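> Sequence:
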Amino acid sequence: MVSLTWFEGGIDIKGHFSSDPYREFGSLAENFGATIHGDDGERYTADGVLPPSH
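Under this note's numbering, residues 81 to 134 are what the sequence shown spells out, in order.
Note that these hints are calculated values from the structure, not bench results. All figures in this text were calculated on a predicted structure; none of them were measured in a lab. Treat the hints with care, as some may be off.
[Said to hold, decoys possible] For each label pair, taking beta carbons as the anchor points, the in silico distance ranges come out as:
| id | residue 1 | residue 2 | range |
| --- | --- | --- | --- |
| 1 | S107 | P131 | 11 to 21 Å |
| 2 | S133 | M81 | 25 to 35 Å |
| 3 | G118 | G95 | 12 to 22 Å |
| 4 | A126 | H96 | 13 to 23 Å |
| 5 | V129 | G95 | 28 to 38 Å |
| 6 | P132 | G89 | 16 to 26 Å |
| 7 | M81 | F112 | 29 to 39 Å |
| 8 | L130 | I93 | 27 to 37 Å |
| 9 | S99 | L130 | 26 to 36 Å |
Every residue, glycine too, gets a C-beta built ideally from N, C-alpha and C.
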């Protein structure tokens with residue numbers, strides 16, 4: 081089970097992922113039609129972490 085909470089402009093993730101957490105979280109975001117960007121501009125997708133698109 082994974083818990084996501086929003087706090088001061090960030091998402092806090094607690095729990096256990098069954099495989100690669102970045103891919104699982106990216107897949108979850110895609111299911112919601114959302115995109116997730118890290119602090120350095122990286123993007124999290126179901127295919128893994130992608131570099132910033134500057």
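> Compare the structure with each hint and give your call.
Status of the hints after comparison with the structure:
1. S107 / P131: 11 to 21 Å: Once the Cβ atoms are compared, 19 Å apart, the range 11 to 21 Å for P131 and S107 holds.
2. S133 / M81: 25 to 35 Å: holds (32 Å)
3. G118 / G95: 12 to 22 Å: holds (19 Å)
4. A126 / H96: 13 to 23 Å: About 19 Å separates the Cβ atoms of A126 and H96, which means 13 to 23 Å holds.
5. V129 / G95: 28 to 38 Å: violated (19 Å)
6. P132 / G89: 16 to 26 Å: holds (19 Å)
7. M81 / F112: 29 to 39 Å: violated (18 Å)
8. L130 / I93: 27 to 37 Å: violated (19 Å)
9. S99 / L130: 26 to 36 Å: Distance hint for S99, L130 is violated at roughly 18 Å.
Of the numbered hints stated above, those contradicted by the structure are hints 5, 7, 8, 9, listed in ascending order.
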